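Chain B: place on chain A using the hints.
One letter stands for each residue in the lines below.
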Amino acid sequence: MKPRILVVDDHEIVREGIRTLLGRTRSDWEICGEASNAGDALNAIRTLEPDIVILDITMPGTSGLEVALQVRNLRLPSRVLIFTMHDSERLATEVRNAGAQGYVLKSQAARDLVLAIERILGGDTFFGPPSLTSA
Amino acid sequence: MTAIIIPVEDTNPFRGGAIESLSRTGGSHVSVSKVAIFVSGPPLSRRHEFDRHSTHTVQFYREDRSLVEALTEYIGTALTNGDAAVVIATEAHNAALVRELNASGFDIAKAVAEGRYQSFESSEVLSQIMADGMPDELKFTSLMRGIIDRAASAARRDRPCIAVFGEMVALLWAEGKHAAAIRLEELWNVLARTHSFSLRCAYPMSGFGERSHGGSFTRICAEHSAVIPDESYTALFSDDERLRRVAELQQRLETLEKEKALHESERQLRLLVEAVQDFAIFMLDTDGRIRTWNLGAQRIKGYKAAEIIGRHFSCFYSEEDVRAGKPQRELEIAAREGRVEDEGWRIRKDGSKFWANVVIAAVKDDGGNIIGFGKVTRDITERLSAQRDLEESQRKLQDSERSLRQLSLHLLRTQDEERRRIGRDLHDSLGQNLAVLKMKLDSLLNRSNENHLNDAKDLRQCAQMTDDAVKEVRTISYLLYPPMLEEMGLKSAIPWYLEGFMKRSGIVTDFEISPDFKRLPSDIELALFRVLQESLTNVHRHSGSPTADVRLFVHDDAVVLKVIDKGHGVSTQSFEKSGQDWIGALGVGLRGMSERMRQVGGSLEVSSTTDGTIVTATVPIPEAIEAEAKPS
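So the protein sequences, as listed, match chains A and B. Counting in this note's numbering, the first sequence runs from 1 upward without gaps. Counting in this note's numbering, the second sequence runs from 136 upward without gaps.
Everything labelled a hint here was simulated from the structure, so no lab data went into it. Note that this is a predicted model, so its numbers are computed, not measured. Treat each hint with caution, since some may be false.
[As the list claims (entries may be wrong)] Now the stretches of chain A that chain B is said to cover, found in silico as 3 or more residues with beta-carbon under 8 Å: (1) 10-17; (2) 40-46; (3) 56-69; (4) 88-98.
[Unchecked claim] Simulated pairs of lysine to aspartate or glutamate, EDC-like, Cα-Cα distance not exceeding 16 Å: (5) B:Lys575 / B:Glu552; (6) B:Lys312 / B:Asp271; (7) B:Lys626 / A:Glu89; (8) B:Lys575 / A:Glu16.
[As the list claims (entries may be wrong)] Simulated restraints on C-beta separations: (9) B:Val643 / A:Glu30: 32 to 38 Å; (10) B:Ser742 / A:Arg4: 36 to 42 Å; (11) B:Thr672 / A:Glu30: 48 to 54 Å; (12) B:Arg554 / A:Asp124: 35 to 41 Å.
Quick reminder that beta carbons are idealized off the backbone N, C-alpha and C, glycines included.
Isolated chain A (complex conformation) (with noise of 0.2 Å):
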C-alpha cells in the first residue's frame, strides 16, 4: 500500500510544487488530499487518516504549530512534516515542543523533502542542521 500523504498549506503554488517534486520523485507515494487552512487540514487528517501530514505553519487564523499540536493531543495517528519559510536555529525546538516529527525550509525543499518523509515513514526524526541552512 502506497504511504499517503496530506499537503496544508494556504498557498496554491506550495502545494503545486510539492506535488510536482514528490510526483516527479516518487509515484510510489501518494497525495491523499490537501488542505490550505488549519481547519481543513484537522478534517482532512481525521478523515483520510494519511500517514504523513506535510504542514506550513503560517497560515491565515490558526498556526501549523497549533495543528500539530492538536495532532497530538487528539492522539491522531498521522505523522507530521512542518514545512517552513521560517529559518531559525530555535525551529528544531519549537517543531518538538509542537509534537511534530521534523521539519524542512522551503528553500530546501528539492534537497531535503524526500528524505526527511522516508524518514519519517521509517519511524525516525528529521530536523535537518540549521546551520547549512541559516544565513
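Just chain B, lined up with the frame of chain A:
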C-alpha cells in the same frame, strides 16, 4: 518783678512804654498789671524812660472775673489819679466793671456825670467804624478822637493819662475776622501818635486754641507794648512760683513740639494711606466696625467714607459667607495669630462681585491689647481672569497634546498594520513564489544532464540567487513584522528575533524569561516586542555596547521587559537639552516606545550611566489573564 522781653519789630508808638506800678493789693485781689510783660521794648536799664501815657497793653484771660478784676484796678487807678477812663466793652463786661468799681468805693454815676467815665457797647462802636468788613481809618479816627478829647477835657489834672479799655478787637477775633482785628490794633497805634492815652485790650484765651492761631497770636502781641498773660500766670504769688510755672510751660512746650512732630508724621501717613488708590486700606474696631476709609477703598468697594464708617465689615461678604460666620472667623484668626490672609469673592456697594486678596492684621497698643484691625484689600479679579485664561490655554494645549497623542497612536497602529501587510505580502506571495522557484530550480538541477555542464552551472547560479532572494525577503518581512509572534508569543518570538539580531549586528545577546511565562493579549505582546526592537536598534546604533541582555518576567502583577546594555550611556547633555522630557532627548524611537507603553497602560523608564543603559518597560497584566494564570 519779672519781665520777659520778647523782641519784635519796632513799629509800635507804645514801644518803651512805662511798666505799670505792680503791687499786690491784698486779699485774693491780684493786680494783673504787676506782671506786664514787655513785648520787645528796651533793655531793663532803660525802664525808667518809659512814658506812662503811652502804653498799649494786651491782656489775655480765661475767666471774665479775672478780666473784670484787672480792669477795676486799671480804671480805678486812673480815676484815683484824677485821670479819665473810656471803656468800650461788651454789655456784660460793662455792667460787671461798673458793679465792681462801685463796690471798690468809686462813684461811677458821678464820674459819668463829670465825663470822666465814658462807657460804650463794643459791638455798637464797631458797627460805626467798619466798612466792607474792615475797620475804616477815617471813621475810627474821627470817632475815637472825639471820645478821647472829651475824656481829656474832663480830667482833673494837666496832661492827664486817659485809660482806655477796648474790646472791639476781641469781638472781631471771635468772629474769625483776624485780619480786621489786627488792622484795628494798628489803627489804635496810629491814633496813639497824635493822642495821649494808655490802651488796654483783652482777648479770652479760649479764642486761640487752634494750631493755626500761633502766627496771629504773635502778631497781636507785636502790636502791643506790653503783654499780660492769663491768670494761670498772673494769679501766682511769688517770682519763684512764676519761674516754676515758666519752666513747666517750657516743658509742656517741649512735649507739644514732640507731639506736633508725631502728629505731623501721623498726618502725613494718614494722607498717604488716604491717597492710595490701588489698595483699600482701612481700620476696624475690635467688633469689626469700620473706623477709617481711604480712596482705594472707595474706588474698589464703591462706598464713600460717610456711607460706610461705623458699619460692620461683613457687608463686604456674600450672604453665604456671612451665614457661615466667615467675617467673624477671620477676625478671630487675626486676633489669635496676628494676621489672616484670604482670597475670595467680595461684594461691592452696587452688589457686583470682585475677587479680592484680603489681609487682616490685629493692631495692638503698647500693652499688647488688641485695639482694632487693619484691613488691606486688593481687587485681583483681573489677575484671576488672567489665571483662568492661562488655565484655559493649558487645557487647550492638553487637548492638543491628547489629539496629537491619539494621532500618533493612530499612526503607530497604521504603521503596524502596514508593516504587517507588507511583511505578510512579502512572506506570502513573493516569499512563497521564490521558495517554489528555488524548489523547481533545485529539482531541475538534480535532473540536469551531465553533458550540459554550462546549463547545470547556470541553474546552480539561479538556485543560489533565488536562495539569497528568499533569505532577503524573509529578513525584510521579519523586520517589518515579528516572525512567529502571533503564532508562538513573546516566549518564542524574542529568541527568534535575537538570533537574527545577533547575526546582523554582531552584538551578543542573552535572554532570560520566567519559565511559566504565559501568552498575553496580542496588543501587549506587539507593544513589548516593538520596545525590544527599538531598544536593540538603539543599542546597535548608539551605545557601543558589545552585549545586550533581555529579561522578561512578571513582577507585582505586571510584565516587565528589561533591555540592558554595557554601552557609554545616553549623554547628560541630551537629557539637559530636552529638560524634563528625557524621552524627547532620545529621539522618535524612544518616544514611540513610550507612547506604545502608554497605550497599553504601561510605562517606560530609561536609566543611563556611563556604564550602560537600562530600558524598562512595564505593563500591568489584564485581570482576565491573571485569573487564568493562577493555579486552580
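We went through each hint and held it up to the structure:
| no. | hint | in the structure |
| --- | --- | --- |
| 1 | 10-17 | holds (count 6) |
| 2 | 40-46 | violated (count 0) |
| 3 | 56-69 | holds (count 5) |
| 4 | 88-98 | holds (count 4) |
| 5 | B:Lys575 / B:Glu552 | violated (33 Å) |
| 6 | B:Lys312 / B:Asp271 | holds (14 Å) |
| 7 | B:Lys626 / A:Glu89 | holds (14 Å) |
| 8 | B:Lys575 / A:Glu16 | holds (11 Å) |
| 9 | B:Val643 / A:Glu30: 32 to 38 Å | violated (49 Å) |
| 10 | B:Ser742 / A:Arg4: 36 to 42 Å | violated (60 Å) |
| 11 | B:Thr672 / A:Glu30: 48 to 54 Å | holds (50 Å) |
| 12 | B:Arg554 / A:Asp124: 35 to 41 Å | holds (40 Å) |
Violated hints, in rising order: 2, 5, 9 and 10; the structure is consistent with all others.
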